[in-house]
Structure formats: C-alpha cells, structure tokens
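K.L.:
Residue numbers (my numbering), protein chains in the order written: chain A, 9 to 363; chain B, 94 to 390.
If you're looking for bench data, these hints aren't it; they were derived computationally from the structure.
We put the CB at the ideal spot given by N, CA and C, even for glycine.
There's no promise every hint is true.
[To be verified] If you anchor each label on the Cβ, the simulated ranges turn out as follows: (1) Ala158/A with Arg260/B: 51 to 57 angstroms; (2) Asp356/A with Gly218/B: 21 to 27 angstroms; (3) Ala216/B with Ala41/A: 44 to 50 angstroms; (4) Ala237/A with Asp169/B: 53 to 59 angstroms; (5) Gln45/A with Ala216/B: 54 to 60 angstroms; (6) Ala195/B with Ala127/A: 24 to 30 angstroms; (7) Asp169/B with Val124/A: 28 to 34 angstroms; (8) Thr353/A with Gly253/B: 30 to 36 angstroms; (9) Asn355/B with Ala297/A: 48 to 54 angstroms; (10) Gln45/A with Asn355/B: 54 to 60 angstroms; (11) Ala297/A with Gly327/B: 39 to 45 angstroms; (12) Ala144/A with Gly253/B: 55 to 61 angstroms; (13) Glu316/A with Ala222/B: 30 to 36 angstroms; (14) Asp169/B with Asp125/A: 41 to 47 angstroms.
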Amino acid sequence: MNSKTMFFAAGLLGSAAAVHAAGFQRADERALASLTQGFGSTQAQVLQRMGGTRDEAVAALRPAVCPGHCTAAQREMDAQRSRLQGNGWHLDVFGDGTLAEFADDRQHERAHAQGVDAAQAMSQQALETAGRAYIARSLASVITLGPGEALVAEATYSRVDGGSDAAGHVDAPKTTANRIVFTRELDGVPVVGNGSKVILTFLNDGSLESFRYDWPRYVATGRTQAPLAASTLLQRVQRVVGARVGAVSAQSIDLASAASGSPLDLGAGIALQRFECGYYDAGLLSRDASAPVQAGCAYHALHTIGGELPTTAGYSGAVPAAQKPMPDARWPEVALLGNANPANTNGDPGSATRD
Amino acid sequence: MHETFATANAVRETARSVVDASRQSLRMTEEGMNVRKDVAAVAIALALPLSVMTLEPAQAQVYQHGVQVGTRCQQDYQNGWQVDVGNNDVWNRCWNFQNTIAGTETRAFYYNLHGAEAALEQADGCGWACGYADSVDFFYMNTHGGSNTSASYWAMWDQGANAATSRMRLGASGRENMVLATFACSTHGTDAYTWNRWYRVFAGGMVETVGGRSTLYAGNDQSATELANRMDNGEAIGQSWLESTWYADNSNSPAVINTGRNSTDCWNRQGVNFNTLFSTPVLRDGAIGYMCWSSWN
Numbered sequence: 009m010n011s012k013t014m015f016f017a018a019g020l021l022g023s024a025a026a027v028h029a030a031g032f033q034r035a036d037e038r039a040l041a042s043l044t045q046g047f048g049s050t051q052a053q054v055l056q057r058m059g060g061t062r063d064e065a066v067a068a069l070r071p072a073v074c075p076g077h078c079t080a081a082q083r084e085m086d087a088q089r090s091r092l093q094g095n096g097w098h099l100d101v102f103g104d105g106t107l108a109e110f111a112d113d114r115q116h117e118r119a120h121a122q123g124v125d126a127a128q129a130m131s132q133q134a135l136e137t138a139g140r141a142y143i144a145r146s147l148a149s150v151i152t153l154g155p156g157e158a159l160v161a162e163a164t165y166s167r168v169d170g171g172s173d174a175a176g177h178v179d180a181p182k183t184t185a186n187r188i189v190f191t192r193e194l195d196g197v198p199v200v201g202n203g204s205k206v207i208l209t210f211l212n213d214g215s216l217e218s219f220r221y222d223w224p225r226y227v228a229t230g231r232t233q234a235p236l237a238a239s240t241l242l243q244r245v246q247r248v249v250g251a252r253v254g255a256v257s258a259q260s261i262d263l264a265s266a267a268s269g270s271p272l273d274l275g276a277g278i279a280l281q282r283f284e285c286g287y288y289d290a291g292l293l294s295r296d297a298s299a300p301v302q303a304g305c306a307y308h309a310l311h312t313i314g315g316e317l318p319t320t321a322g323y324s325g326a327v328p329a330a331q332k333p334m335p336d337a338r339w340p341e342v343a344l345l346g347n348a349n350p351a352n353t354n355g356d357p358g359s360a361t362r363d
Numbered sequence: 094m095h096e097t098f099a100t101a102n103a104v105r106e107t108a109r110s111v112v113d114a115s116r117q118s119l120r121m122t123e124e125g126m127n128v129r130k131d132v133a134a135v136a137i138a139l140a141l142p143l144s145v146m147t148l149e150p151a152q153a154q155v156y157q158h159g160v161q162v163g164t165r166c167q168q169d170y171q172n173g174w175q176v177d178v179g180n181n182d183v184w185n186r187c188w189n190f191q192n193t194i195a196g197t198e199t200r201a202f203y204y205n206l207h208g209a210e211a212a213l214e215q216a217d218g219c220g221w222a223c224g225y226a227d228s229v230d231f232f233y234m235n236t237h238g239g240s241n242t243s244a245s246y247w248a249m250w251d252q253g254a255n256a257a258t259s260r261m262r263l264g265a266s267g268r269e270n271m272v273l274a275t276f277a278c279s280t281h282g283t284d285a286y287t288w289n290r291w292y293r294v295f296a297g298g299m300v301e302t303v304g305g306r307s308t309l310y311a312g313n314d315q316s317a318t319e320l321a322n323r324m325d326n327g328e329a330i331g332q333s334w335l336e337s338t339w340y341a342d343n344s345n346s347p348a349v350i351n352t353g354r355n356s357t358d359c360w361n362r363q364g365v366n367f368n369t370l371f372s373t374p375v376l377r378d379g380a381i382g383y384m385c386w387s388s389w390n
C-alpha cells in the first residue's frame, strides 16, 4: 500500500466511501519519508518568489490557447487579473503573471458524452505522458526549470458523473475528465502547497479541457535555515491542529500505526492523514507577497465527533520546519507557534434580526 | 470621475429594480413548473458589462445579474458541541464570499447560524430580516455537516440542533431559492442514496445545490472569493464550485447535484449560470424525473 493510500485510509474514520487521488509512487515515498526524515536535509535555503508581468505571460501563452486563425480579445478584468477570451474559451492571468488558468468550455461541454467506466479512463502513465507532452509543446516558455530543479508528477484525479431516476435506478458512475498535478523539486526537495504546481485536465479522448499553473522563479536569498527533526515537526502539527480544534494533546505519536495502514493518532480525536515536508509555497493567491519561501511541512488532518449525526472536520495547513521561522503575515501556523493568534480581521456577523 | 461612478451606480440600482419587478410579475405555473421567460431576457440584457452602458474604461467591467444572495455561517458552537476549525477560517471564508459577491449582485444578508434551523427547514414568511434560505435566490452556508442514507444535515450554533434535508423544501416560498451552496463535509455524497437525501429539498423547485461529496478542508478561505468571481464571470455555477473548491485544496472533494425532467435535461441544466438562472424552468414534485451529479474524486 502506498503512503497516500495509507493516509487516506483515514476514510475509516467515517467517510469510508471516499475514493481519493492516486498518488505517484515518488510522491508517496516522499510523504512516507517525511514522517521519519522531516525536511530530509540538514540545511534549507530561504528563497524569494519572483514573477514578471501579466502582459508577458499573456503574450507567451497566446500561441498555445489561440493558435492559427483564432481570434481573441484581451480584457483587463481588474487590478489583479487579465483575461484573453475567445469563442468558448478564456485565459486568466493573475498578479505578477506566475498564476494562469485556461479553460476550454467547448471541450467541457463534450466531456459528459465521453464518460467511461473508471477502468477505461486514462491511466496514471498515460496522463503523465500527455501532460509532459502538452507542457513541452505549449507551456515551455512559462514552465521553466532552473539549475537543480525538476518537474515531477505528483497525483491524478478524476471528475465523475452519475445520476438516478425517479424509479430508483442509479446509473453507474462515469469518469468524464482526468486531471494530473505536477510539482517542482529543488535539488530533490519538493515544493509543498499550491505554489509550483502545473495542473492539466484531459477528456477521455486526450483533448485538453483546461490547465492551471502557479509557477514562479525561485531565487536564493543567501540565507539558510536548519530544519527540525521529524519528530519535532510532527509535534508541531499536533500542537497547531490541537489549537485549532481547541484541545491540545501531549500524547506521544506512534509512527507504527502509519506503517500498518492507519492514520496517525495525534490525540484529542485528531487523525493525521498526510504529512509532507519541503519548501512551502502557499501559492500566489494565498501568500504574503513580501514573505520568503521557507522550509515547511504540509498536513491534512481530521477530527470526528460521533453520535447519532456524526460530523467530520478537515484541517489543512503547513507548519514551518525551521526552529525560528521568518515572519509571514499570511501563514497562520507561524503565528500559532509563536503563541500569537492569527490575524483576525473578520468576526461573527451577528444573528438574524428576527427569528 | 465621480459623476461617472454615480451614473454607474444609478444604472445598477435601476437594473436591480427592473429585475425584481420582473421576477415578481412574470412567474407562471404550468403543471408544477414555473417558467421565468421574460425575466431571462432582462437578466441577459443586464449581463452586458455596465462599462459598455456607461462608457467607462474597459478595465472596469462590472456584471449585474440581479441575483439576491444570502450568507449564513458558524465558526464556534454553543458549549463547544461542534469544534472550531481554527485560524478564523469560517469567518474569513464567509466574509470573502459575501463581500466579493456584493460587488456585482445583491447582498441580501450575512448572519451567523444562531437559531437558524427554521431558516432552512421552514417556509419564508418575513424576508431578509429572518435570513431564511427561501428569501434569496442563492444561499451560501459554512458549518459542519454530514449525512446518512436518508438525509444530509448541517450543524447549527445551538447545541444539538441540525437542519436536515429530510425536513427541507426549498424554492416554494418567499423569493423561491434556486441554489443552495454549503461549505460543509459529506453533505453531497454521490451514491445510491443521493435521491433519498435530496428529493424532498428539490421538490420545492430549487434548481441546484453544491457542497462536499466527502471532506472539505478548512485552511484556504480564498476559494470563496474565487467562487464568487467565477460565477460573476458567467461560468456555470456547478463548475465554479467544483473548480474553486478543488483548486484551493486538491484533497477537497466538491460535488454538484441538480435535477431535470430526464437525464438529458438534467445534464443540460447543470450548465446553469448567473446569466441563465432566472430562465431555467423550475421543476417541482412530480416534474422531477432525474437527479444528476458531478464531483472531483
């Protein structure tokens, strides 16, 4: 059993029917290694995320999304986004041009009719081959790699359609689209979080339905950090998720349960589903633009309350891997570990004025 | 410059009034089906960028569809009967949603879920002040949730109180809700029991619902901003939900469920967006022949 399957066996906690992504072996091995090796190196670079302009990105992507006789109009939607739009498709480029999304509605409209049983959908290998070919052919000018960097397949996902009629007949679920996520490794260390991702969605006939990427350049700042041991990083996860739940546990963490195919019990009813260390980049839309990219470990955890009507709460985030992380106003775990509350700019809106 | 903005605002207010008046006067009932044909024409006309109407610079495009949106959320619970997801995630997410949607649509209300079970389970009788789902076209909610074989349910603030689909009928009173969007875990499971859980709600005429097939993770409240932006740009409501929720966290499992007279009609109706919402025929009770769903797994 690979580690992703292993951690997502957290479905045992209550969402048993869940079918999640298929992780590539390399990504799963990295996640498993993070449990015992943490960041995996005695030294981590402190990086700066670099971009360009939206106009440069639109110009670079235009041949890919609007080839030949295609006509398109460029529109400035707002201060953060530029849109190139044609008949049945659009390209949005955000911020400094490092985040872009293309969606082809014409292909999306064809997807349902192409639905197939899961066994007949694109295989992991076929998706990686198609994805790498598309990137090389159409995105090479924006998905660039620096020295020591590599583009690595991380996981695949599927969009599934189903239905039921008034007589109680339930149609078999059909896979209508296939999605692959690539990430970046820097000298063998992955980037975790929404940054450094290329996501491509294909129909079953291999046509591209959409792509989205968050792909900056990283520049070394010259500063370094010494990552903490894996056991200490897991305790940090235990502490921050406990703080979020409101019940911090001091229970020791038994890694043996992970090897047996169960989620890690962090105490206080919290189960760790997945844990992966690397350089943490939350992505253009979710990060403090002035903050550096630092070592960190991404986590997914569940907390379940039983009873007649049970509920499960999902927690995601990342803990900093350095002993003393650098300030980052939009990284709430940095504040939590520093015994400060994350910035609370929005509060309870109040009750309805009449019940 | 101020005069231009004032003109644009006046146009928007006029547009809202036209849509509201049209919606109230043009509902026709035909064998359990409401058709809002003329409203659609108004809505489509209003979908034109107001910048064109007011000759503002092209970069300031603002869309207006006349959709009334209500938001109700809960982060903390009476006597801690449900857990806080921390990091102020719920209040941030809901503020992001209602603040973004207010830029182009009508923000009807934003309340917490104190004493809110009735707002989901009972017919609307007093409008926005009570915060009922049926007092708006689009109702957004963020709380904990779950499901069994007969119902999906959402936790209210009040200890032990849940709103359950087995007691809900949306779209049949007040403004007649058309879309229910809930950021909550496992309320939109797609399996042999989906019809059981959701038929009663749809029987009131609601067009579509979006939520979590399984777990939706707290940790990236930016997805609510993206949801509102996508819908305002004319993307299908279901697709807007699937993409904004999944891109925020690849481990999320978002789902959309809607109804149709039959399978073909159902899949066609899943493409409903803010431009076509008011022209989508309302199906009630026996007019519903099929329920269809789509999700990221």
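K.L.:
It remains to establish, for every hint, whether it holds in the given structure.
P.N.:
The hints, checked one at a time:
1. At about 54 angstroms, the CB distance of Ala158/A to Arg260/B agrees with the hint of 51 to 57 angstroms.
2. Here the CB-CB span from Asp356/A to Gly218/B is close to 25 angstroms, well matched to the stated 21 to 27 angstroms.
3. With their beta carbons about 57 angstroms apart, Ala216/B and Ala41/A fall outside the hinted range of 44 to 50 angstroms.
4. A C-beta distance of roughly 35 angstroms is found between Ala237/A and Asp169/B, which places it outside the suggested range of 53 to 59 angstroms.
5. In this structure, Gln45/A and Ala216/B meet the distance hint of 54 to 60 angstroms, their C-beta atoms being roughly 59 angstroms apart.
6. For the pair Ala195/B and Ala127/A, the supplied restraint of 24 to 30 angstroms is violated, since their beta-carbon distance comes to about 46 angstroms.
7. Roughly 45 angstroms separates the CB atoms of Asp169/B and Val124/A, a value that falls outside the hinted 28 to 34 angstroms.
8. Against the hinted window of 30 to 36 angstroms, the Cβ-Cβ separation of Thr353/A and Gly253/B comes to about 31 angstroms, which satisfies the hint.
9. Taken as a hint, the range 48 to 54 angstroms holds for the pair Asn355/B and Ala297/A, whose Cβ atoms sit roughly 50 angstroms apart.
10. Separation of Gln45/A from Asn355/B is about 55 angstroms and conforms to the stated range, judged on CB atoms against 54 to 60 angstroms.
11. The beta-carbon spacing between Ala297/A and Gly327/B, approximately 29 angstroms, falls outside the hinted interval of 39 to 45 angstroms.
12. Roughly 57 angstroms separates the CB atoms of Ala144/A and Gly253/B, a value that falls within the hinted 55 to 61 angstroms.
13. Checked against the hint of 30 to 36 angstroms, the pair Glu316/A and Ala222/B passes, with Cβ atoms roughly 33 angstroms apart.
14. Between Asp169/B and Asp125/A, the C-beta spacing of about 44 angstroms keeps the proposed range 41 to 47 angstroms intact.
The structure is inconsistent with the numbered hints 3, 4, 6, 7, 11, although it conforms to all the rest.
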